[in-house]
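Undergrad: Sequence:
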Amino acid sequence: MEAPFDISADLDTPVSTYLKLAPLQPRYLLESVEGGAHLARYSFLGFGDVTEFRLDDGGMRVDGETRALPGSAGELLDTLRELLAATPELAPVVEGLPFSGGLVGIAGYDLVRYFERLERAPAGPAVPASPRAAYLSTNSLLIFDHLTRRIALLHAGSDEDRAALRERVMRLLRGPLPQRQNAASYSDPNHSLSRDEFMAAVERCKEYIAKGDIYQIVMSVRFAGTHNLSPFETYRALRLLNPSPYMFFFDLGDLQVVGSSPEALVKCHAGHASLRPIAGTRPRGKDAEQDVAHEQSLLADEKENAEHVMLVDLARNDLGRVAQAGSVQVEPYRIIERYSHVMHLVSGVRGALDERFD
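Mind the numbering: the sequence shown is residues 1 to 358 in this note's numbering, read in order.
What the hints contain is simulated information worked out from the structure, not anything from laboratory work. Among the hints, erroneous ones may be present.
DEER-style ranges, computed between Cβ atoms [what the hints assert, rightly or not]:
no., residue 1, residue 2, range
1, Arg174, Leu147, 18 to 26 Å
2, Phe99, His227, 30 to 38 Å
3, Glu89, Arg195, 28 to 36 Å
4, Leu172, Glu203, 27 to 35 Å
5, Ile217, Leu11, 41 to 49 Å
6, Leu229, Arg81, 32 to 40 Å
7, Val218, Asp63, 28 to 36 Å
8, Thr234, Leu103, 38 to 46 Å
9, Ser72, Pro189, 36 to 44 Å
10, Glu119, Glu89, 39 to 47 Å
11, Leu172, Gln216, 42 to 50 Å
Ideal placement from N, C-alpha and C gives every residue a C-beta, glycine not left out.
I would like the entire structure built from these sequences, with the hints used as guidance.
TA: In structure tokens, the structure reads:
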């Protein structure tokens, strides 16, 4: 096999590899099912030594060093740029890959308060503490090519180090999968808001809309429960129930995050930024004929289309804040994308980045 895709993957998946590589401390897995139906060509598994960033109420920690909380959005972004510049350079360099190392992690919703003027949120029910933001980069990365059924190992070290690590990876892949010892069990979930509390919040949202403070809001309820699954088993279950274009598992030390989403918030590539507003939903039909009927119903639905047009306008406005004047374009517009359980109305908004922004 030709380097760097010189590890056979005909008997292993990214999920089985993550489990078998437990001694090497895997930290994240990125997978994609394009359009909810077709497996994307590449998956990415980061493992080994890490560089870490965490921002929480106690301060900011950058690779073990504790710093004061950023005083502004500029300070926060400068720290992230500093960390990104210090991420390990993985070798060998492979052209044409959508990802070949860097920072992965999460940004909490409240991080928006660094960028927008918002009133302080009222105290709500106690919830487990989570960071405002947490990112990490690993010294080693496996890239799965699902077309050739081969794996590439990228590593921040010498050729000799990479060769030795490759041999260890191959030995682990030839080994057995870990076996679950107990049957799965779980409790009924608890919710953070009662129906009356939720409806009262809806009425308050309507008041904000009437005053012009907001255009749209997504009300949510936190559900919590107990179970005896490992975090990665939770990811496996979500992956089976809701295969999506953006599936991820992050092990951030004391916090594990799983996710499955049909859309990217924003993409930047070759000096251009793009967004893909998704709004408008119908269930998948039981057969092709019912699929077409649901599609036609969605395209004709006045409410769903009004919501979609509003999101497209908001995306154009958001992108216009950082794009070159006159460069923002909408393409495609109001197309149907089908996923495992639902279909969505989707548009694309794209613009050339102003040189002042990165």
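Undergrad: Identify every previously stated hint that the structure contradicts and give their numbers, smallest first.
TA: 3, 4, 8
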